[in-house]
Amino acid sequence: AQTVTQSQPEMSVQEAETVTLSCTYDTSENNYYLFWYKQPPSRQMILVIRQEAYKQQNATENRFSVNFQKAAKSFSLKISDSQLGDTAMYFCAFMNRVPGGATNKLIFGTGTLLAVQP
Amino acid sequence: GAVVSQHPSWVICKSGTSVKIECRSLDFHATTMFWYRQFPKQSLMLMATSNEGSKATYEQGVEKDKFLINHASLTLSTLTVTSAHPEDSSFYICSATRTGSSNQPQHFGDGTRLSIL
Numbered sequence: 001a002q003t004v005t006q007s008q009p010e011m012s013v014q015e016a017e018t019v020t021l022s023c024t025y026d027t028s029e030n031n032y033y034l035f036w037y038k039q040p041p042s043r044q045m046i047l048v049i050r051q052e053a054y055k056q057q058n059a060t061e062n063r064f065s066v067n068f069q070k071a072a073k074s075f076s077l078k079i080s081d082s083q084l085g086d087t088a089m090y091f092c093a094f095m096n097r098v099p100g101g102a103t104n105k106l107i108f109g110t111g112t113l114l115a116v117q118p
Numbered sequence: 119g120a121v122v123s124q125h126p127s128w129v130i131c132k133s134g135t136s137v138k139i140e141c142r143s144l145d146f147h148a149t150t151m152f153w154y155r156q157f158p159k160q161s162l163m164l165m166a167t168s169n170e171g172s173k174a175t176y177e178q179g180v181e182k183d184k185f186l187i188n189h190a191s192l193t194l195s196t197l198t199v200t201s202a203h204p205e206d207s208s209f210y211i212c213s214a215t216r217t218g219s220s221n222q223p224q225h226f227g228d229g230t231r232l233s234i235l
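Just so you know, the protein sequences line up as chains A and B, in that order. Sequential numbering of the first sequence, starting at 1, is according to our numbering. Sequential numbering of the second sequence, starting at 119, is according to our numbering.
No lab work stands behind these hints: they were computed from the structure. No experiment lies behind these values; they were computed from the predicted model shown. Quick reminder that beta carbons are idealized off the backbone N, C-alpha and C, glycines included. There may be inaccurate statements among the hints.
Stated by the list, open to error - Quick look at which bits of chain A chain B covers, simulated, 3 or more residues with Cβ under 8 Å:
hint, region
1, 61 to 67
2, 108 to 114
Claimed, not checked - Dumping the calculated DSSO-like pairs for lysine-lysine here, alpha-carbon to alpha-carbon at most 30 Å:
hint, chain 1, residue 1, chain 2, residue 2
3, B, K184, B, K132
4, B, K184, B, K138
5, B, K159, A, K70
6, A, K55, A, K70
7, B, K159, B, K182
8, B, K138, B, K182
9, A, K73, B, K159
10, B, K159, A, K78
11, B, K159, B, K132
Just chain B, same shape as in the assembly (with noise of 0.2 Å):
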C-alpha cells in the first residue's frame, strides 16, 4: 500500500505556457502533501506544503503566483506551473502521508521531468 502516483512523469513545452503536474494517492487519504524541486546532482528543495481544504504553505523564496498548489481533495494536489520559462526546467517530485498516521514516512511520487523549450 502507500502508493503515490504523479502525472506526467514527463513534459516538454514552450516558453510562456502553463503546466499541470498531477499528485494522487491511490490506495489512502493524504491530508498533506509536499512539493519538491531537484536539479541535476542537487538535493530535494522543499517548494511547499499542500493542504487539502487550504491554502498552500509556500518556502521562503518560492514564488506563490509561479507555482500554483491546489489540493481540493484528499487523494489529489496539483502543482501548476504559470507561464513557464527556461529556468523552470527542473525535475518536480510530490510527496504524501497517510491521514491520521501521524509523524510516518512520506510516500513519493516518481517525479515529472519539466523541460521548457
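Isolated chain A, as found in the complex (with noise of 0.2 Å):
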C-alpha cells in the first residue's frame, strides 16, 4: 500500500521568505502523480501544485515549486517570497496512473501547517 509522510506538523516563516515543505512517500509503482493541497482556515482544499512521475523537470507554478526526487521517493514543496494569505494547511498527496482513464484516489499526507509572520 502506498503511504505519504509529511514530518513538519507546524512550521512558521517570515514574510517574504522562502520556506520548504517536506514530504515522502513509499510505493512500488512506477507511474503516478504528486500534488500539493493548500487548506486555509476556510477548509477549502486548493491544487497548489501537481507534478507527473514520469516527468524529470519539476513543476513549477508561480512563487510555488517541487524538488521531486523520484529514486529518493521526495516531493518538497518550496514557496518563495511567502504571503500572509499562503497561511494555511498544506497536504501532500499521492495517487497511482491508472490505465484505462480510469480515476484513481488520492492519498494524502498528515499535512503541514505553515504560519506567515508579517
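Starting from two chains that each stand alone, build the complex the way the hints lay out.
Following this line, the structure appears as C-alpha cells:
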C-alpha cells in the first residue's frame, strides 16, 4: 500500500522569505502523480501544484515549485516570497496512474501547518 | 471551470436524525466522486468512492449502513449519515474528477460541517 509522510507538523516563516515543506512517499508503482494541496482556515481544498512521475522536470507555479526526487521518493514544496495569504495547512498527496482513464483515489499525508509571520 | 458545489455547508441536528449531504459537479460530468472525512487539525480520510450508476466502494472500517452513498446522475452524489450520533460530528468533503479526463486532479467541494447534538 502507498503511504505519504509529512514529518513537519508545523512551520513558520517570515513574510517575503522562502520556506520548504517536506514530503516523502512509499510506492512500488512507477507511474503516478503527486500533488500539493493547500487548505486555508476556510477549509477549502486548493490545488497548489502537480507533478507527473514520468516527468523529470520539476513543476513550477509562480511562487511555488517542487523538488521531485523519484529515486529518493521525495516531493518537497518550496514557497518563495511568502505572503500572509499562504498561511494554511498544506497536504502532500499521491495518486496512482490508472490505465484506461479511470479516476483513482488520493492518498494524503498528515499535513503541515504553515504560518506566515508579518 | 471544474466547480464542485457541496450543500449544506453547515448543519446542526439532534442525535438520531439522518442527514443528507449533496455534492454536485456544476459544469462537468463526474463518473466518479469521492467522500472524505476530516477531524480538526487532521488529514482527509477517504471514506468511499462513489460511482455513477453502481454501488459505492467503501474504505476499510467505514460502515456502509451508516454512511449511505447514492450517485444517481453524472453530476450528483449524496452522502446520508443515518441515525447520526455525536461521534459522527465532523467535516465532510467531496471531490470529483471530470469524466474522460483521466488521471486529472480532483476538484473539491467546500465541505460540510456536521454537528450532532
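Status of the hints after comparison with the structure:
no.	hint	result
1	61 to 67	violated (count 0)
2	108 to 114	holds (count 5)
3	K184/B with K132/B	holds (16 Å)
4	K184/B with K138/B	holds (12 Å)
5	K159/B with K70/A	holds (29 Å)
6	K55/A with K70/A	holds (10 Å)
7	K159/B with K182/B	holds (25 Å)
8	K138/B with K182/B	holds (15 Å)
9	K73/A with K159/B	holds (25 Å)
10	K159/B with K78/A	holds (22 Å)
11	K159/B with K132/B	holds (25 Å)
Hint compliance for this structure: hint 1 is the single one not met.
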